[in-house]
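Sequence lines, in order, name chains A and B.
Going by the numbering used here, the first residue of the first sequence is number 1, and it counts up by one from there.
Going by the numbering used here, the first residue of the second sequence is number 344, and it counts up by one from there.
Hints are not guaranteed to be accurate.
Straight line, CA to CA, 35 Å or less: simulated DSBU-like cross-link-like pairs of lysine-lysine [claimed, not checked]:
| no. | chain 1 | residue 1 | chain 2 | residue 2 |
| --- | --- | --- | --- | --- |
| 1 | A | K194 | A | K316 |
| 2 | A | K161 | B | K435 |
| 3 | A | K138 | B | K584 |
| 4 | A | K333 | A | K241 |
| 5 | A | K241 | A | K302 |
| 6 | A | K302 | A | K161 |
| 7 | A | K241 | A | K295 |
| 8 | A | K302 | A | K194 |
| 9 | B | K584 | A | K92 |
| 10 | B | K481 | A | K138 |
| 11 | B | K532 | B | K676 |
| 12 | A | K92 | B | K435 |
| 13 | A | K241 | B | K481 |
| 14 | B | K481 | A | K185 |
| 15 | A | K333 | B | K481 |
| 16 | B | K533 | A | K138 |
| 17 | A | K190 | A | K138 |
| 18 | B | K532 | A | K138 |
| 19 | B | K659 | B | K528 |
| 20 | A | K302 | A | K92 |
| 21 | A | K316 | A | K333 |
| 22 | A | K92 | A | K312 |
| 23 | B | K481 | A | K189 |
| 24 | B | K435 | A | K241 |
| 25 | A | K302 | A | K312 |
| 26 | A | K190 | B | K532 |
| 27 | B | K638 | B | K676 |
| 28 | B | K676 | A | K138 |
| 29 | B | K504 | B | K659 |
| 30 | B | K504 | A | K92 |
| 31 | A | K138 | B | K528 |
Only some residues are given here: those of chain B computed to face chain A with a beta carbon under 8 Å [to be verified]:
| no. | residue |
| --- | --- |
| 32 | R349 |
| 33 | L367 |
| 34 | P368 |
| 35 | G404 |
| 36 | R405 |
| 37 | G444 |
| 38 | P450 |
Simulated from the structure, these hints should not be mistaken for laboratory data.
Remember, it's a predicted structure, so these values are computed and weren't measured experimentally.
Cβ coordinates follow ideal geometry from the N, Cα and C atoms, glycine included.
Protein chains: 2
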Amino acid sequence: MKKIRRTVGQTGEFNLIDRIRRILPVSGNRDLLVDIGDDTAVVQIDRRRALLLTCDIQVEGRHFLFDRTTPYRVGRRSMAVNLSDIASMGGKPTYALVSLGLPAELPVESFDRLFEGMRDEMAEHGAYVIGGNLARTKEELVVDVTLVGEIAASQVLTRHKSRPGDRIFVTGMLGASGAGMEALKAFGKKVPRKYAELVRRHVQPVPRVEMGQRVARAGIASGMIDLSDGVAGDLYHICEKSGVGAEIHAACLPLPERIGEIAEISGRSVLDLALHNGEDYELLFTVPPDVPERKIRALPGKTGIPVTEIGKIVGKRAGYCLVDARGRKTPLKPAGWDHFRKG
Amino acid sequence: MKKIRRTVGQTGEFNLIDRIRRILPVSGNRDLLVDIGDDTAVVQIDRRRALLLTCDIQVEGRHFLFDRTTPYRVGRRSMAVNLSDIASMGGKPTYALVSLGLPAELPVESFDRLFEGMRDEMAEHGAYVIGGNLARTKEELVVDVTLVGEIAASQVLTRHKSRPGDRIFVTGMLGASGAGMEALKAFGKKVPRKYAELVRRHVQPVPRVEMGQRVARAGIASGMIDLSDGVAGDLYHICEKSGVGAEIHAACLPLPERIGEIAEISGRSVLDLALHNGEDYELLFTVPPDVPERKIRALPGKTGIPVTEIGKIVGKRAGYCLVDARGRKTPLKPAGWDHFRKG
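Could you build the full structure based on these sequences and the hints that come with them?
See below:
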């Protein structure tokens with residue numbers, strides 16, 4: 001009888017992460033505040049400061065296609081997704097290391113544009129690429145970025161402490177990236193100008209670094225996460241770790257202009273775009289009910305980025321659901337993007 | 344006329360790094376002590392401490408082949424090469440982030456063994472894997488490790504300050520890894536036991552972390568580097584950055600037992616194995632002539648690792664050469680391993 005060997009392709013990202021957690025020892029080091037399983041590791045430097053460490057590997061054909069994007073944008077995006085992870089901790093990004101797996105056929109100009117994109121994205125946040133490593137791959141471009149950030153030790157946020165009764169807020173608009181993607185699919189290179197902003201949100205996500213720092217400094221959040229996999233998937237991570245449930249109010253979701261038109265064109269519902277489409281890179285955070293309203297109203301400051309209440313944390317037994325305008329509840333599917341399964 | 348587009352495959356690693364250096368801005372940050380172009384970036388944390396950051400990307404088919412090694416060993420090696428970079432700065436390794444590009448067909452057991460190897464290699468140095476990221480690739484396994492370390496700010500070593508007259512030392516034996524590789528090529532799985540130690544040095548390099556710290560604490564080195572590309576190539580990096588030349592004395596090179604036999608079997612010269620074969624992961628460092636001899640003799644301590652003087656730094660005009668037993672000089676080819684060109 002042939003022994004069937006299970007492959008990583010059959011296993012899925014979250015199971016693989018569980019396996020890693022079982023294999024790796026828990027560090028006994030007291031300076032390690034957050035480790036495996038969170039997007040960003042936190043190491044205490046001294047009484048006042050903590051170091052943030054995060055990495056994200058992007059593979060051609062999986063995370064980007066050169067017939068739909070440019071090397072410059074891949075460079076910007078590779079930094080943006082990491083900046084977003086630092087933002088979700090309320091941190092200040094400082095330095096990045098870049099490892100590249102390069103197919104021999106990549107034009108040198110593409111190589112240059114890639115680094116120009118990284119440089120420009122980092123510059124917007126006063127951060128720098130300070131090192132890296134190059135290797136050859138057969139055919140796929142692989143871009144792995146490790147980003148370092150800093151935060152006041154007293155402001156370290158994890159996603160473990162959301163409690164029933166906490167209010168749920170998001171920054172910006174939900175579903176813009178998904179709508180932009182659908183616009184590109186429908187119109188190709190001839191996207192009508194009225195959808196340009198949606199497309200821009202898809203091809204060039206804006207990490208909410210300043211807003212993350214504002215939330216952390218305000219000291220009002222019991223948990224925070226960046227929306228890379230869609231509200232439904234990312235909020236579920238917070239709920240799982242805190243052992244709680246959540247209710248999202250459909251009528252409260254902040255929606256970008258013209259998302260309704262794109263929903264019609266693409267045949268997807270507005271709710272699907274807003275809840276299940278990843279890559280908005282907005283921040284979602286929970287706030288205990290006793291936090292004064294003025295502190296929340298003060299969050300946008302001069303950023304121009306809206307902060308919207310979209311629901312509340314409930315007990316685990318109350319479940320994980322969407323509430324419609326008439327108060328009817330339907331279970332919310334936590335389906336996000338498994339970066340690993342066949343896609 | 345067709346415009347010919349130059350590819351990265353035609354460009355070579357060092358030219359690509361030059362391009363990166365031209366594109367990226369120099370950080371004005373005063374805390375950044377060493378950046379792009381060195382294997383390890385150094386960021387000052389406070390008056391007493393500095394952070395070390397290094398990364399190394401290894402690609403299946405290029406850095407390792409599963410018909411010649413095991414996933415466990417790939418895991419150990421992926422950490423070892425980074426630990427060696429931290430060692431070359433005299434630092435103490437603390438934490439690693441691991442990004443993996445995984446082909447779907449990789450057996451889950453291989454995935455587990457990979458992490459067990461990483462864990463065991465890190466454990467030998469009191470360091471931990473604390474985060475990472477997974478992605479799918481088409482066919483190659485890609486392992487990118489970012490390693491963080493720490494060092495006293497007063498002990499930060501760069502490779503820029505070697506001066507004519509400085510003495511050149513290496514730890515351990517040279518050419519062991521190359522000889523082990525040739526033994527494997529010649530004998531396959533039936534390598535005679537007498538060559539087992541050479542093979543071990545090839546398949547499981549030992550980063551000289553403790554020795555690196557001993558050199559840094561002694562405060563005697565004007566420059567240090569780890570031997571990943573061979574003495575001839577790596578010493579050349581030190582010389583280029585310091586604007587100096589060097590003389591290596593062939594008769595002084597510390598050679599492992601039985602390297603002569605392997606040279607004969609493989610048809611390569613002993614000198615070629617010792618000077619041009621990378622992956623010994625020993626340390627090479629330069630010491631100003633006025634450093635007391637007893638400080639150098641004290642370096643091995645209880646480590647059991649020999650420290651051998653192999654030559655001296657000379658003026659740039661005096662060149663870069665090998666001196667034979669009769670005092671005759673021949674130019675030393677700085678050829679190392681370009682990780683990028685077709686190999």
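### Query
Any of the earlier hints contradicted here, and which numbers?
1, 19, 26
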